Amino acid sequence: MVLYEIFGVFVYPGIALLFGLAFLYEWIDRKFFARVQNRMGPLYTGPSGILQPVADFLKLLSKEDIVPASCEKPIFSVIPIVYATLPLIALFVIPITGSALIAFEGDVIFLMFISAFITLSVFLAGWSSAGSFSRIGSIRSALQMLSYEIPFGLALIGPAISAHSLSLTKIAQWQVANSSWFMWLQPIGFAVVLISLLAELELVPFDIPEAETEIVAGWLTEYGGRRLALFRLGKDLELVMASTLVASLYLGGAQPLFFIPPVVILIVKSIVVLMLISFVRALFARFRIDQMTSGMWTYLLPLMIVQILLVQFGIGG
Amino acid sequence: MFLLPVAAVSAVIVIALIFWIGGKISPSVTKNDPEKLAPYACGEEFQIEEHGINMERFLIYALYFLIFDVLTFIMAVSFFERGVMPAIYSAVALASVMVLVIARRHK
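Residue numbers (this note's numbering), protein chains in the order written: chain V, 1 to 317; chain P, 1 to 107.
Next up, chain V with everything else stripped away, as it sits in the complex (with noise of 0.2 Å):
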């Protein structure tokens, strides 16, 4: 039993198959995103490019470790630790495999409460660099969660609602018992979720905080070699965490089809929400912080109310 469960959290559906699926979800958003650009994207490591995610990491392990004179070294050394771990610990909760590693009732508020540590986090990094555009990049991110993360949450509340629980596998089971999806239950939370989880990755309508034309790389600019490399990979393991979250919530999660193992259904369907992901990402220009923000508070939340009003009234489950 104890050998089991140690095997659960290490190897499958834990920490093992959690690396591969966001170095994968990594090569896919590259090569999807270079395709829709008329690129190649990765080419040369692996049959087209698919190790090049993985030959980046290793390569930005062994650099050499600057750390800045001026930064505040305990908290600039902490960080790219804990912003690894976050989403890492946000996908145990998450059912992929069909039933979670980890489920308990509540674990959407838990995934609320990650969301905004990860922010957190990242304000962290860039202020203890103490240089002036990751300052600046630290306190875009800080303001950007500000405007995102409560339409953010109530589109997570939205199919809690319907399914009278606040637990993911419980709402996921709940659509392939009733053999629909909040998607098309709730069209509009599923808008506002997808756009709010585009400004928590800080992919490109909203890379504000990184904006690399203006502020160099905002919050990340003073990381280099290992820190950079736990950095990446945090990212990387963020884009499952969306993705797999995106299908398990209002995609229907894994359910059983025919001879098919769930995990590849749930997979398929966060490969697909990582395309839509990366579509977006290539086909619009960067926001302006306060487009943004007043942008999120105007339409976005008081959509994502009327969503939650109609819900209560009975419509969409």
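If you're looking for bench data, these hints aren't it; they were derived computationally from the structure. Predicted model, so just to flag it, every value in this text is computed and none were measured. All C-beta atoms, glycine included, are put in the ideal place defined by N, C-alpha and C. Don't take each hint at face value.
The calculated BS3-like cross-link candidates involving lysine-lysine, where the alpha carbons are at most 25 Å apart (straight line), are [what the hints assert, rightly or not]:
no., chain 1, residue 1, chain 2, residue 2
1, V, K235, P, K24
2, V, K31, V, K59
3, V, K59, P, K24
Pair ranges (Cβ atoms, derived) [said to hold, decoys possible]:
no., chain 1, residue 1, chain 2, residue 2, range
4, V, L283, P, F73, 27 to 37 Å
5, V, A16, P, D33, 53 to 63 Å
6, P, S28, V, W184, 50 to 60 Å
7, P, A16, V, E64, 14 to 24 Å
8, P, V70, V, S48, 46 to 56 Å
9, V, F113, P, L63, 13 to 23 Å
10, P, L59, V, E212, 20 to 30 Å
11, P, I88, V, R39, 47 to 57 Å
12, V, L3, P, G23, 30 to 40 Å
13, V, L43, P, G23, 27 to 37 Å
14, V, P187, P, G23, 42 to 52 Å
15, V, F313, P, L63, 27 to 37 Å
16, V, E72, P, A16, 44 to 54 Å
Guided by the hints, dock chain P onto chain V, whose structure is given.
Same frame as chain V, now just chain P:
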């Protein structure tokens, strides 16, 4: 449920192990000159005060965030209640968002 702390701690351990291995396989810092350890600034001298941050807007949005985060949490834990009361509650929330937005726009 008791697995959560165990899983969290093992995740931290694995990540810290990767960090440690990175420290082992990377070359040690060869030259400790101040140029290398200076924060990145494109060769310009920056004063941190030059980059004014609109603190007023930040605090206003922080206040909104605080209010509506509590509201979201209340909605989350009252999910089993359906019907008129939660709907009125959501309507009040919607109205307050609209009032806030309109008030900001006319200022």
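To see whether the hints hold, each was checked on the structure:
no. : hint                          : verdict
1   : V:K235 with P:K24             : 23 Å, holds
2   : V:K31 with V:K59              : 20 Å, holds
3   : V:K59 with P:K24              : 13 Å, holds
4   : V:L283 with P:F73: 27 to 37 Å : 34 Å, holds
5   : V:A16 with P:D33: 53 to 63 Å  : 42 Å, violated
6   : P:S28 with V:W184: 50 to 60 Å : 57 Å, holds
7   : P:A16 with V:E64: 14 to 24 Å  : 20 Å, holds
8   : P:V70 with V:S48: 46 to 56 Å  : 49 Å, holds
9   : V:F113 with P:L63: 13 to 23 Å : 21 Å, holds
10  : P:L59 with V:E212: 20 to 30 Å : 28 Å, holds
11  : P:I88 with V:R39: 47 to 57 Å  : 53 Å, holds
12  : V:L3 with P:G23: 30 to 40 Å   : 31 Å, holds
13  : V:L43 with P:G23: 27 to 37 Å  : 31 Å, holds
14  : V:P187 with P:G23: 42 to 52 Å : 48 Å, holds
15  : V:F313 with P:L63: 27 to 37 Å : 30 Å, holds
16  : V:E72 with P:A16: 44 to 54 Å  : 19 Å, violated
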